[in-house]
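With chain A fixed as given, assemble chain B onto it according to the hints.
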Amino acid sequence: MRDHVRGGALTETTFFVLLALYRPNHGYGIMQFIEQETHGRLSLGAGTLYGAINALLKKGWIAPYDEEQDSRKKLYLITGEGRKVAEKELKRLNSLCETARRIIEGSGEGE
Amino acid sequence: MAAQGFRLVRTTRMMYEFERCAPSEYEYRVEFIAGKSPGQAQEYRRFLEEMGYRTFTKNINLNYSIGKVTWRPWAKGAGQIATYPGSYNRELLIVKRRKVGKPFELHTDPEDIVRYYQSLRNAYLFNGVFWALGLLLNFFVNIPMAANILLGIFVVFYLVPAIFYTLAIHRVNQDRKIYE
Numbered sequence: 001m002r003d004h005v006r007g008g009a010l011t012e013t014t015f016f017v018l019l020a021l022y023r024p025n026h027g028y029g030i031m032q033f034i035e036q037e038t039h040g041r042l043s044l045g046a047g048t049l050y051g052a053i054n055a056l057l058k059k060g061w062i063a064p065y066d067e068e069q070d071s072r073k074k075l076y077l078i079t080g081e082g083r084k085v086a087e088k089e090l091k092r093l094n095s096l097c098e099t100a101r102r103i104i105e106g107s108g109e110g111e
Numbered sequence: 001m002a003a004q005g006f007r008l009v010r011t012t013r014m015m016y017e018f019e020r021c022a023p024s025e026y027e028y029r030v031e032f033i034a035g036k037s038p039g040q041a042q043e044y045r046r047f048l049e050e051m052g053y054r055t056f057t058k059n060i061n062l063n064y065s066i067g068k069v070t071w072r073p074w075a076k077g078a079g080q081i082a083t084y085p086g087s088y089n090r091e092l093l094i095v096k097r098r099k100v101g102k103p104f105e106l107h108t109d110p111e112d113i114v115r116y117y118q119s120l121r122n123a124y125l126f127n128g129v130f131w132a133l134g135l136l137l138n139f140f141v142n143i144p145m146a147a148n149i150l151l152g153i154f155v156v157f158y159l160v161p162a163i164f165y166t167l168a169i170h171r172v173n174q175d176r177k178i179y180e
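Top to bottom, those sequences are chains A and B.
The opening position of the first sequence corresponds to residue 1 in this note's numbering, with each subsequent residue numbered one higher.
The opening position of the second sequence corresponds to residue 1 in this note's numbering, with each subsequent residue numbered one higher.
Rather than coming from a laboratory, the hints here were simulated on the basis of the structure.
Accuracy of the hints is not assured; some may be wrong.
Facing chain B, from chain A, some residues (calculated, C-beta under 8 Å) [claimed, not checked]: (1) G8; (2) T11; (3) E12; (4) T13; (5) Y22; (6) H26; (7) Q32; (8) G45; (9) G47; (10) K73; (11) K74.
Idealized CB from N, CA, C, for every residue including glycine.
Looking at chain A on its own, in the form it has when it is part of the complex:
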């Protein structure tokens, strides 16, 4: 997974995985969350999701959630650092949307 330190932009996959983990969730739950929230537009392959989860674990943006030790499935939860990153991304996207709206939606005004 790219670091995105320079531009600060997260990939859509990274951002969605972080969002899916505001509540404890497992791999299949993350996949379902993304499909539901994008109405099927984005469907992650299991290999890609596995890589994304591992990369985020390494970065410390998500962590294993151990409360349900009995659960056969591994659960994950976003960390404080992960929340900061997600919030920063939200701001960046808002700013991008604002610019896009001004240019695209405002472009018809003069015609």
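Leaving out everything else, chain B in the frame of chain A:
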């Protein structure tokens, strides 16, 4: 086999075992996992099984040595040393899932696709270069032409897929400049 109504239930070194099922009830994907260490491969399989898939491993060579140790310079980290028992004879991962009408791809993110293609390309490239060096050395010693032809076949066998995956990586990288 899947279209004819057979589902995979077991693999051994020289055999695939199937059972009858409805035609096209299951679908499969095959992934090259030779670059993973036994621990990484096991963790990946556990994850896929958790997602509701069934996984099988399959050997890429036919080798019955016990205590085999081999070096895979094209792999990363702990995946470089393959042993039997261990990751040797488990180079391929067959992933089975019940057909649900949705696309079945293991790698969907362009960056992840590139990483996967690179692992395939590097393995082919290393072997291709290895045999090409062998062929080159043969010019300095007296080796029968038949042996050189055989080596030449090996070189082509490995380098053609290496070129194919290099081009595929280039294509995905070009798309990544515009699309995520």
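Results of checking the hints against the structure:
1. G8: Cβ of G8 of chain A sits 15 Å from chain B, so the hint is violated.
2. T11: Result: holds, 6 Å to nearest chain B Cβ.
3. E12: holds, 6 Å
4. T13: Hint holds; T13 of chain A Cβ to chain B Cβ min 5 Å, cut 8 Å.
5. Y22: violated, 21 Å
6. H26: holds, 7 Å
7. Q32: Since chain B brings no Cβ nearer than about 10 Å to Q32 of chain A, farther than 8 Å, the hint is violated.
8. G45: Nearest chain B Cβ about 4 Å off; hint holds.
9. G47: holds, 4 Å
10. K73: Interface hint status for K73 of chain A: holds (5 Å vs cutoff 8 Å).
11. K74: holds, 7 Å
In summary, the structure is inconsistent with hints 1, 5, 7 from the numbered list given earlier, while agreeing with the others.
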